[in-house]
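Top to bottom, those sequences are chains W and X. Under our numbering, the residues of the first sequence are numbered 1 to 230, in order. Under our numbering, the residues of the second sequence are numbered 1 to 387, in order.
Derived by calculation from the structure, the hints in this document are not laboratory data. Computed from a predicted model, the values in this text were never measured in an experiment. Some clues are possibly wrong.
Partial pick of chain X residues on the chain W-facing surface, computed with a CB cut under 8 angstroms [stated by the list, open to error]:
| id | residue |
| --- | --- |
| 1 | Pro79 |
| 2 | Leu87 |
| 3 | Trp89 |
| 4 | Tyr93 |
| 5 | Lys299 |
If the Cβ cut is set under 7 angstroms, some of the chain X residues that face chain W in the computed set are [stated by the list, open to error]:
| id | residue |
| --- | --- |
| 6 | Lys2 |
| 7 | Ala9 |
| 8 | Thr16 |
| 9 | Asp219 |
| 10 | Pro239 |
| 11 | Val264 |
| 12 | Ile292 |
| 13 | Val297 |
| 14 | Thr300 |
| 15 | Arg376 |
| 16 | Ile379 |
The beta-carbon is built from N, C-alpha and C at its ideal position, and this holds for glycine as well.
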Amino acid sequence: MSEAIVSLRNIDKRYVRGKQSVEVLQGLSLDIPKGDFVALMGPSGSGKTTLLNLIGGLDTPTSGEITVGGQRLDKLSSGGLSRWRANHIGFVFQFYNLMPMLTAQRNVELPLLLTNLSSEKRKANAVAALTLVGIADRAKHKPSELSGGQAQRVAIARALVADPMLLVCDEPTGDLDRKSADEVLHLLQILNREHGKSIIMVTHDPKAAEFASRQLHMDKGSLLEAGALV
Amino acid sequence: MKYFPLIWATLWRKKTRTLFTLLSIVIAFLLFGMLETVDYAFSHPSTGTSGADKLISTNKYSITLPLPFADLQEIRSVPGVTDATWLTWLGAYYQESKNFVFALPIDTESYFNVHKDEFIVSDEQMKNYRSTRSGALVNVALMKKFGWKVGEKLPVHSTIWTQKSGSLDWTFDIVGTFDVRDSTQANAQAYTVFFHYDLFDEGRSFGKGTVGWVEERIDNPANAGAIAGKIDALFANSPNETKTQPANDFAMTFVKQIGDIGFVLRAILGAVFFTLLFLTGNTMMQSVRERIPELAVLKTLGFTDGKVLALVIAESLLLCLFAAVIGLGLSYATLPIIGQALQGVQLDPVALIPGLGAAVLLALIVGFPPALRAMRLNIVDALSGMH
């Protein structure tokens, strides 16, 4: 088995809302090998998105150890996590979360603003990422001028442009029709199989999960099973 | 600079709102520029060379208080004073009070000696003026403004001086026109009408034997301060103490009589900026509130808390500075009009520079609270719509 890109040990995550404390994850341990495409499934409130946020460095655990790409995330400061995310993680959201006032190309360039690349190099890389996801012809269009499927492709290009080791996708097809969803999922499959990107995808959709190489099921803050598919 | 397209695009996210906010800041800074240059002009009297060889002595306590005519001889005896002349403010207008006329009774010989080579008058018209007791010399610009002709009667109404008949109306015969040699003085003299002091002194019902102020020509501008000191020392502790100052500063002193110009201007600007603070501050807060998911995405992509804070403050700076530059630029364009309205007060564009400082201060004050909010944004909460 190849080395783990994600390693979680005894993860607890508790949220405090007002006077209430909500236990979202309890004693969760998990290893995801490098180059894997994992679909994380489960009912609403099972802790999928919380787990994804912890792996993506958007949140920190209440207790336990998280290691992603050899980096202990639970030891990093807020600023350290920001810099780590910029260099190693690509995010894809359900509702694309593109900047409405920027063109597709400018949206894709956003992560590169945090690098020392020249303006020309940033532009070239953005165009290359848009070409990779098959939407270079819409580079000058704003998100409002794109279909859902096209907008999600731009979001994937933005997630890829800084060449991250891991893509975390939160319901990437949740806002798309079947045809567009299948196109996006097929694209993710290509990125995984042909470009070696490790992908963790949260989804409710069993058809979407079939595109992954492995499915993990969660319920009430714990992993139920892990099985190799495809 | 690499963040500029992002900041600029964010600023114009809601075009109409940004445009109206921009417009209100532009207008505030237009007002700032106009008032600040006037305030600056009054608080920084001219030290230029034009008129540097002339002094003006007024009553120390107010220009509205007269000086005894007898003081003139003593002033003429001060070393360094080559000649002196006397004038009084008629406070006149033509037909309507908005038609201000700077009618000055002058002693012809001494006045044109003190102001040697400053005016252009034809020999023939000057001869007519000297020989006509009710004669008046009128500035060419004023003649043109009201369409007057040489040979016509010129009736003006004084707001101060009654004639022995009880009338406030004074009528002169226009016998000639004059122009100024120094074009920088064109505005200062644009409303001037000269007429004979004898006619005025004999005609007025009170104040005989007094003058409004005395103008002195001096031999060396470098000694202006010392000569002014000597003149004022002559009348120290007398019932009519004098205040002698360079002629350039006189116009400002004249306008200052109506009150503390600086205080009035600062009060207006204070009110304007106080309102602007709330307006722009509210816009910035609203703008950031609407963009919470976008700011959360930036943080997700790796923008640190400090970078997000800097981006929002930069946006505020860009908005305020951009609008301030337009507003101050427009106020710069209005300087000639204001200068004309203030009768020759010299307005210096350097007074506009603090406007840029005010814009930066405004941007920091209105930008910091929303920037702080953006900086403290929790990504998970913001993305899940809990903010």
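Evaluation of the provided hints:
The closest approach between the C-beta of Pro79/X and any C-beta of chain W is roughly 72 angstroms, which is over the 8 angstroms cut-off, so the hint fails. Interface hint status for Leu87/X: violated, as the beta-carbon distance to the closest one in chain W is roughly 65 angstroms, over 8 angstroms. A cut of 8 angstroms between beta carbons decides the hint on Trp89/X: the least distance to chain W is about 61 angstroms, and the hint is violated. A cut of 8 angstroms between beta carbons decides the hint on Tyr93/X: the least distance to chain W is about 57 angstroms, and the hint is violated.
Of the supplied interface hints, the one on Lys299/X holds, with its beta-carbon coming within about 7 angstroms of a beta-carbon of chain W, less than 8 angstroms. At a threshold of 7 angstroms, the smallest CB-CB gap from Lys2/X to chain W is about 6 angstroms, leaving the interface hint in force. Taken as an interface hint, Ala9/X checks out: its beta carbon lies about 4 angstroms from the nearest beta carbon of chain W, inside 7 angstroms. A cut of 7 angstroms between beta carbons decides the hint on Thr16/X: the least distance to chain W is about 14 angstroms, and the hint is violated.
Checking Asp219/X against chain W by beta carbon gives a least distance of about 67 angstroms; that is not within 7 angstroms, so the hint is violated. For the restraint placing Pro239/X at the interface with chain W, the shortest Cβ-Cβ distance is roughly 74 angstroms, beyond the 7 angstroms limit, so the hint is violated. A cut of 7 angstroms between beta carbons decides the hint on Val264/X: the least distance to chain W is about 43 angstroms, and the hint is violated. Taken as an interface hint, Ile292/X does not check out: its beta carbon lies about 12 angstroms from the nearest beta carbon of chain W, beyond 7 angstroms.
Interface restraint check for Val297/X: the shortest CB-CB distance to chain W comes to about 5 angstroms, inside 7 angstroms, so the restraint holds. Among the interface hints, the one on Thr300/X holds; its C-beta lies about 5 angstroms from the nearest C-beta in chain W, closer than the 7 angstroms criterion. Interface hint at Arg376/X: violated, since its Cβ lies 11 angstroms from the closest Cβ of chain W, which is beyond the 7 angstroms cut-off. The beta carbon of Ile379/X comes within 5 angstroms of a beta carbon in chain W, closer than 7 angstroms, and the hint placing it at the interface holds.
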